[in-house]
Amino acid sequence: MIYNIPYIAVVTLVLIGLYAVIMKRNLIKIVIGITLIESGVNLFLITLAYREDSVAPIYHGSGMRLMSLPVPHALTLTSIVIGVAVLALMLSLIIHIYKHYGTLDAKEIGRKEE
Amino acid sequence: MNGFENILSDLLVHSPALIVAIPLLGAFLTPFFGKVHNTARNTFVLIIVLLTSFFSFLLVHDILVNGNIHTYVFGGGSALTSGGFAVRILFQVDGLNAFMAIIATLFAIVGVIYSWSFMKEHTGLSKYYTLYLLMIAGIFGMVLTGDMFNFFVFLEITSIASCALIAFYTNKGKAVDAGFKYIVVSATGALFVLFAIAILYGQYNALNIAVLASNIQFSFLDRIALVLLISGLAMKAGIVPMHMWLPDAYGRAPSSVTLLLIVATQASLYGALRMIFTLFGGQLSRSVNEVGGIEINVNLLIGAVLVGLAILTIFVGVLMALKESDFKRMIGFAAVAEIGYMILAIGAALTIMFSVNDLETSRLALNGGIFHIFNDALDVGLLFLVAGAVYYATKETSLNRLGGLARNMKYTTVFFLIGLLAVAGMPPMNGFSSKLIIYQSTFLVNPILSIIAILCSILLLAVFVKVFYSAFLGPKQAKYEKVKEAPKSMLVAMAIVAGIILFIGLFPDIFISNVVEPATRALVNSGEYIQYIMGVI
Amino acid sequence: MLDQLSQLLNSLTTNSGFWNPLVWGLAIIIAFLIIYILRGYGKKDYKKGTEQAKVFLSGNPEYEKEKMHVKSSNVYWGFMESLKWLYNVLDKMHTGNVSDYILWFVVIMGIFFIILGVI
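Protein chains in written order, with the numbering used here: chain A, 1 to 114; chain B, 1001 to 1537; chain C, 2001 to 2119.
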């Protein structure tokens, strides 16, 4: 049971992130929701790397034991960098939107015609 | 002569990597040329795009004429690491990839020629061209890759570059708002695709599409991965009811950006097709045990869902387009309806893919669907270029205030007429060929589908006749007295697209048998794709 | 010779025969020629500038040309009015709120999941 806790945490993070994106009206809260989803997916990628009774893949001084591949860690690093770029882009767009419309409410910005 | 052929064959081996690397390098060198002089930078961008298209045509010619599949492993060597794990990055190019690469190459050239004079009066053009080349590199990477995580990375590169380009007009709030909506939708869809890739990696220890396809079984986790992949990529492709970002993004971006955005949308659609047909290709004939003891084949299930979504897409797209009065938003809704046609043909082909006496019909439907990808990009692209030319000349986007433009902009009117006839499916244009194949093949599956498709095609004609009447025909308006014809480079770009429309419309058989048939064959025989890697291993 | 002709004519293979676009284009050009010739048979003896050449609008006065142009929102008025119930539903669906876009995504993912995963 204790080995399932990371998976439960992943699902919780993704669901809280989706709740924030769907139900909140402030644009910054929507951005925070997307960041939460991204954190959940990154956690999921790292959790998949562990095999039972395995050790880090360093040959020297560990004997012939089962080793776990570091591939998902590389995927997670790439994904974190992509997430940072998307977050920076979204926040800079929010600064422009606030300057032009004066409000950060997603419902009011939706049908503005200017 | 022998040395020249040796050089060409060496370049052919390296061409998948060069097609992605050259625009990437060009994108980072563009600001340096921008500091020197504007024309130097424009020429540099055009040279980069022409060089990329040379390599692309080399690769495509070899694949379509000789029927090979090209594989390029980054770093050389075999496709597996030394322990036997299929995690190396590789590009695998077969018939379907070559087809999408033709589309991407053509629109990259047309887009750069068009934006030469469309964007001339704006500032910040170095950033524009840098992002444009990055978007081209991202689209090529998405289309040529054979590795799942690599597909995700290029998907994100394309969406980040296109979001920044959509929000190009930062002096008003509309375009920035459209860019924000695009990036939220895009990031969510891509994150769910990454979730599915992680599920598949955790089960099979492989990221390579061919290796995954040969090991995959249809367990519960695999079904979750299939659902996430199809939903995420369908949202990026603009299928109703997840289509609402599409008119906003297409309508408020500069017209040359919209041209490449159409290709990026269709590359996401290609991704969905690759996942369904190749990744889960071996499992499509398996029958699933339903609730209540009924056994249904997987391909029937997915095909029925796709056909249902397609009918909804065609209806909603056409009905919303009839109501709009903004020029580019209306063409955006028509683009949504056209994507519905592609999904209709492919879904209908999927439902009857394995029944013995309907094999020819399913091949015909796939031919129609894949041919329609190319035709739709050409037609809707031409309409967006005309909308851009009208905006450049009159600075007006709302159709309520336009009128009588045919007196001053003669060539633009002719191009719009060609685009109108092509979208509605009139005979000498290419839209007729692909739509006729779609009507006939879906009629053999179920007559109602074909009736709905023809009806909505007529409504689409009604949409564009309304645009033609209110923007181009009509009496002379006083405020448009001094409107001049569009500049030369925009006319050249529109002429290239219109010329290809007429050429494919008059001789469709050459195109279908040489370009579309290999793509359909590659899609249906997933075994060939898998065997190429597994046979080498 | 007949064989080559039928080979040329069946050039768009959709199992139905005569769908060659060159033949269609030729037919359209010939139709336009016939229409042009028929138009030439019209009357040429009318008096310009008098009541014979003015526009007839069921007795309504004719405004200046610029105001007579029908605006594009009003072109399909009859169609929109008769389908008003449908357009109300569609308008309420397309709000422009970005949270609603993701809501539809989750709904479709849920429907897919029930169809493919559970059943």
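For the record, the hints were derived by calculation from the structure and aren't laboratory data. A few of these clues could be false.
Here are the computed lysine-lysine pairs in the BS3-like style, where the Cα-Cα straight-line distance is at most 27 Å [what the hints assert, rightly or not]: (1) A/Lys24 / B/Lys1172; (2) C/Lys2084 / B/Lys1476; (3) C/Lys2084 / C/Lys2071; (4) C/Lys2067 / C/Lys2054.
Residues of chain B placed beyond 10 Å of chain C at every Cβ, according to the derived structure [unchecked claim]: (5) Leu1012; (6) Asp1062; (7) Leu1064; (8) Ile1157; (9) Met1235; (10) Asp1248; (11) Val1316; (12) Glu1396; (13) Gly1404; (14) Tyr1469; (15) Asn1514; (16) Asn1525.
Listed below are several chain A residues computed to face chain C (Cβ distance under 10 Å; list not exhaustive) [said to hold, decoys possible]: (17) Leu27; (18) Ile30; (19) Ile32; (20) Gly63; (21) Arg65; (22) Lys99; (23) Arg111.
Note that the structure is a prediction, hence the values are computed from the model and not measured. Even glycine gets a Cβ: it sits at the ideal position worked out from N, Cα and C.
Quick rundown of the hints versus the structure:
The hinted pair formed by A/Lys24 and B/Lys1172 meets the criterion: a straight-line CA distance of about 25 Å does not exceed 27 Å. At roughly 33 Å between alpha-carbon atoms, C/Lys2084 and B/Lys1476 are farther apart than 27 Å, so this suggested pair is violated. Of the supplied pair hints, the one linking C/Lys2084 and C/Lys2071 holds, its CA atoms being roughly 19 Å apart against a limit of 27 Å. For the given pair, C/Lys2067 sits about 17 Å from C/Lys2054 by alpha-carbon distance, which is consistent with the 27 Å threshold.
Remark: the non-interface label on B/Leu1012 is consistent with the geometry, its nearest Cβ contact in chain C lying 32 Å away (cut-off 10 Å). The claim that B/Asp1062 is not at the interface with chain C holds, since no C-beta of that chain comes within 10 Å of its own (minimum 26 Å). Once the 10 Å rule is applied to beta carbons, B/Leu1064 is consistent with being away from chain C; the minimum gap is 19 Å. Every beta carbon of chain C lies more than 10 Å from that of B/Ile1157, the smallest distance being close to 22 Å; the non-interface claim holds.
At roughly 5 Å, the least C-beta separation between B/Met1235 and chain C is not larger than 10 Å, which violates its mark as non-interface. Chain C draws B/Asp1248 into its interface by the beta-carbon criterion, the shortest separation being 7 Å against a cut-off of 10 Å. Listed as a non-interface residue, B/Val1316 fails to keep its Cβ farther than 10 Å from every Cβ of chain C; the least gap is roughly 7 Å. With a least CB separation of 12 Å from chain C, B/Glu1396 remains clear of the 10 Å interface cut-off, as annotated.
The claim that B/Gly1404 lies off the interface is violated: its Cβ sits roughly 7 Å from the closest Cβ of chain C, which falls inside the 10 Å cut-off. A cut-off of 10 Å between C-beta atoms contradicts the statement that B/Tyr1469 is not in contact with chain C; the least separation is 7 Å. Residue-level check passed: B/Asn1514 sits 14 Å from the nearest beta carbon of chain C, beyond 10 Å. Against the 10 Å criterion, B/Asn1525 stays outside the reach of chain C, whose nearest CB is about 21 Å from its own CB.
Against a cut-off of 10 Å between C-beta atoms, the interface hint on A/Leu27 holds, since the closest Cβ of chain C lies about 8 Å away. Among the interface hints, the one on A/Ile30 holds; its C-beta lies about 7 Å from the nearest C-beta in chain C, closer than the 10 Å criterion. The criterion of a C-beta within 10 Å of any C-beta in chain C is not met by A/Ile32, whose closest approach is roughly 13 Å, and the hint is violated. Here the hint on A/Gly63 is broken, as its CB sits about 43 Å from the closest CB of chain C, past 10 Å.
The restraint placing A/Arg65 at the interface with chain C is violated, with a minimum CB-CB distance near 37 Å, outside the 10 Å limit. The beta carbon of A/Lys99 comes no nearer than 19 Å to any beta carbon in chain C, farther than 10 Å, and the hint placing it at the interface is violated. With its C-beta approaching chain C no nearer than about 5 Å, A/Arg111 sits inside the 10 Å limit, and its interface hint holds.
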